[in-house]
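Colleague: Each chain is listed here by its residues.
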Amino acid sequence: MAQTTNTTRGPVTGTAHRAKKRKPFLLDLYSTAVGKKYVMAITGVLLIGFVITHMIGNLKMYLGKEDFNHYAEFLRELLVPILPRTVFLWILRGGLLGAVVLHVHAAYGLTLLNRGARSVKYQSPRDYQVATFASRTMRWTGIIVFLFVFWHLADLTWGTVNALGTTAADGVFVRGDAYGNVVRSFERPPVALLYIVANIALGTHLFHGVWSLFQSIGWSSPRFNKWRRWLATAIATIVVVGNVSFPIAVLAGIVGQ
Amino acid sequence: MTASHGEHLTNLTLSVWRQKGPDAAGAFESYRIDSISDEASFLEMLDVLNEKLIDEGRDAVTFEHDCREGICGSCSLMIDGQAHGPQRGTATCQLHMRKFKSGANIVIEPWRATSFPIIKDLMVDRSAFDRIIESGGYITSQTGGAPDANLVPVPKPVADAAMDSAACIGCGACVAACPNGAANLFTAAKVAHLNLLPQGQAERYARAESMVETMDEYFGSCTNHGECEAACPKEISIDVIALMNKDYRKAKFANRKEIARS
Ligand code: HEM
Ligand code: SF4
Ligand code: FES
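Chains as they are written, first to last, in the numbering used here: chain H, 1 to 257; chain X, 1 to 262.
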């Protein structure tokens with residue numbers, strides 16, 4: 001319980017514009033909580049852009065094996081005459097990785113700050129008025145999505161766990177046959193369930209995140225504020241419905257070998 | 001004198017946080033209020049309790065209060081898990097017992113934040129807010145005779161918005177209610193109040209930068225739950241937080257020589 005406010009600060013001077021020694025510009029910005037929230041919001045927008053594009057691309061699954069695998073190949077050939085094959089894809093991957101690292105690093109730093117800001121918790125139950133399930137579980141939904149991404153890569157990019165639990169007749173991970181790999185993976189009900197749960201977590205994260213990021217980047221106006229909740233709900237719904245449809249379609253036999 | 005019009009509430013149980021000093025361990029203690037008029041304010045109800053405790057030779061419950069009319073920001077109680085209790089847009093001193101029912105068990109806790117250390121029982125030290133104000137919550141005014149009224153034109157919508165922010169009484173409910181212990185609503189209200197007005201323009205960006213960074217030394221980080229807005233006795237909107245974030249960004253990016261502001 002022992003806490004006293006920092007008394008090392010001097011008395012009121014009337015010239016309180018402190019001449020603080022500053023870090024280089026971007027690090028200076030990142031060193032404050034408001035600056036970190038800018039980073040979270042901007043990296044969040046990049047990741048949302050990826051998530052939506054990824055979902056739309058995967059809809060090609062409904063057009064059949066040829067189309068889907070052709071799309072996977074197209075990603076490798078992006079900007080090809082300008083850059084060698086897969087180079088642009090690697091640039092995108094690097095950008096995504098950077099965004100995830102920054103997003104999680106900022107989330108981690110802010111979580112520690114928040115823990116410290118209330119070192120003694122309330123000793124009686126709180127009666128929250130407006131905080132939503134989504135806003136109160138950002139850290140958990142974030143961690144679920146983060147861990148899921150590793151499984152997802154091991155499953156469908158590296159292929160290490162793609163045939164786990166299947167019988168030999170189901171075949172093995174085939175590099176270049178993205179369609180077959182997806183079907184093979186989702187035919188395992190526990191794996192399908194994992195994809196469904198992770199995407200609901202992602203949707204929950206976005207339900208708060210998309211609304212919240214406007215606030216974090218100082219983008220607020222009576223003209224569009226009422227649309228922010230609507231936009232967040234729409235993005236969360238589209239991502240969840242789209243992504244959850246894939247494992248269900250495979251289990252239901254709509255998409256198959 | 002007319003007789004009291006109110007009903008009486010009976011059989012109230014209060015669970016009050018008692019703590020002898022900043023470093024002492026605290027605990028809830030239970031007290032009974034047999035009967036109290038529903039016209040009594042919450043603080044008057046505590047006065048009644050304290051008179052009883054003093055009569056019994058026991059230590060009165062320390063709680064902070066001053067104006068008892070909702071303008072000073074001293075009263076600060078977490079009542080049944082809500083900062084300033086169950087009534088929206090009201091400071092504890094303006095909360096009345098008619099909001100409660102006979103037989104209720106009312107839990108009263110102090111604000112909890114590392115930078116609001118408990119002085120005694122329900123009273124906390126909010127001077128971390130003063131540190132934030134010192135770092136930019138003022139304007140530098142010219143010396144000389146008092147300027148004529150209305151010398152500086154202020155558009156009506158701007159005056160209204162500034163006034164809405166200026167309504168902040170510095171009570172700390174926003175910090176208390178925030179799951180992160182963040183002081184963004186308080187700081188943003190103070191930033192917005194001055195940054196909206198012409199008189200505040202000279203120090204606009206220095207103010208945003210300095211106040212945000214001082215806030216950072218003491219409080220948590222906003223995750224936009226909106227609990228502060230719901231708890232604020234002056235119903236200050238979290239829109240001011242967006243304004244503060246925007247001015248903080250501009251403070252960092254703008255070339256201050258070009259905008260001719262400090
Ligand atoms: C596909 C992945 C992800 C997307 C699209 C995403 C998106 C977002 C967005 C848009 C925000 C709102 C930012 C703001 O309020 O300014 C946010 C906040 C947050 N994200 Fe993520 N995120 C992702 C992954 C993660 C991961 C992996 C974690 C953590 C392990 C995480 C943790 C958080 C936390 C804690 C917040 C709240 C931060 C705060 O308000 O202080 N997110 N996310
Ligand atoms: S913003 Fe509202 S809750 Fe916060 S200190 Fe000011 S009046 Fe109190
Ligand atoms: S006692 Fe002054 S606001 Fe409540």
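Derived by calculation from the structure, the hints in this document are not laboratory data. Heads up, some of the hints might be wrong.
As the list claims (entries may be wrong) - Straight line, CA to CA, 25 Å or less: simulated DSS-like cross-link-like pairs of lysine-lysine:
#1 X:Lys-156 with X:Lys-101
#2 X:Lys-252 with H:Lys-226
#3 X:Lys-20 with H:Lys-121
#4 X:Lys-20 with X:Lys-52
#5 X:Lys-101 with X:Lys-20
#6 H:Lys-21 with X:Lys-156
#7 X:Lys-120 with X:Lys-156
#8 X:Lys-246 with H:Lys-23
#9 X:Lys-20 with X:Lys-156
#10 H:Lys-23 with X:Lys-252
#11 X:Lys-20 with H:Lys-23
Since the structure is predicted, the reported quantities are computational estimates derived from the model, not experimental observations.
Colleague: Does Lys-101 of chain X lie within 25 Å of Lys-156 of chain X when you go C-alpha to C-alpha?
Modeller: Roughly 43 Å separates the two Cα atoms, so the pair is violated.
Colleague: When you check the alpha-carbon spacing of Lys-23 of chain H and Lys-252 of chain X, does it fall within 25 Å?
Modeller: With Cα atoms ~12 Å apart, Lys-23 of chain H and Lys-252 of chain X stay inside 25 Å; holds.
Colleague: Is the straight-line distance between the alpha-carbon of Lys-101 of chain X and that of Lys-20 of chain X 25 Å or less?
Modeller: The given pair, whose Cα atoms are some 30 Å apart, is violated under the 25 Å limit.
Colleague: Taken at face value, is the distance from the CA of Lys-156 of chain X to the CA of Lys-120 of chain X at most 25 Å?
Modeller: Roughly 44 Å between the alpha carbons, so the hint for Lys-120 of chain X and Lys-156 of chain X is violated.
Colleague: Check the hint pairing Lys-246 of chain X with Lys-23 of chain H against an upper bound of 25 Å on the C-alpha distance.
Modeller: Roughly 21 Å separates the two Cα atoms, so the pair holds.
Colleague: Mind checking the alpha carbons of Lys-20 of chain X and Lys-23 of chain H for me, to see if they're no more than 25 Å apart?
Modeller: Judged against 25 Å, a Cα distance of about 43 Å means the pair is violated.
Colleague: Need the status of pair Lys-20 of chain X, Lys-121 of chain H: alpha-carbon distance at most 25 Å?
Modeller: With a Cα-Cα distance of about 18 Å, the restraint between Lys-20 of chain X and Lys-121 of chain H holds, given a limit of 25 Å.
Colleague: Within 25 Å, alpha carbon to alpha carbon, are Lys-20 of chain X and Lys-156 of chain X?
Modeller: With Cα atoms ~50 Å apart, Lys-20 of chain X and Lys-156 of chain X exceed 25 Å; violated.
Colleague: Are the Cα positions of Lys-21 of chain H and Lys-156 of chain X separated by 25 Å at most?
Modeller: 40 Å, violated
Colleague: Below or equal to 25 Å on CA atoms is what counts here, so check Lys-20 of chain X against Lys-52 of chain X.
Modeller: Status holds; Cα separation ~19 Å.
Colleague: Run the distance test for Lys-252 of chain X versus Lys-226 of chain H: straight-line Cα separation, threshold 25 Å.
Modeller: 29 Å, violated
Violated hints for the displayed structure, listed by number in ascending order: 1, 2, 5, 6, 7, 9, 11.
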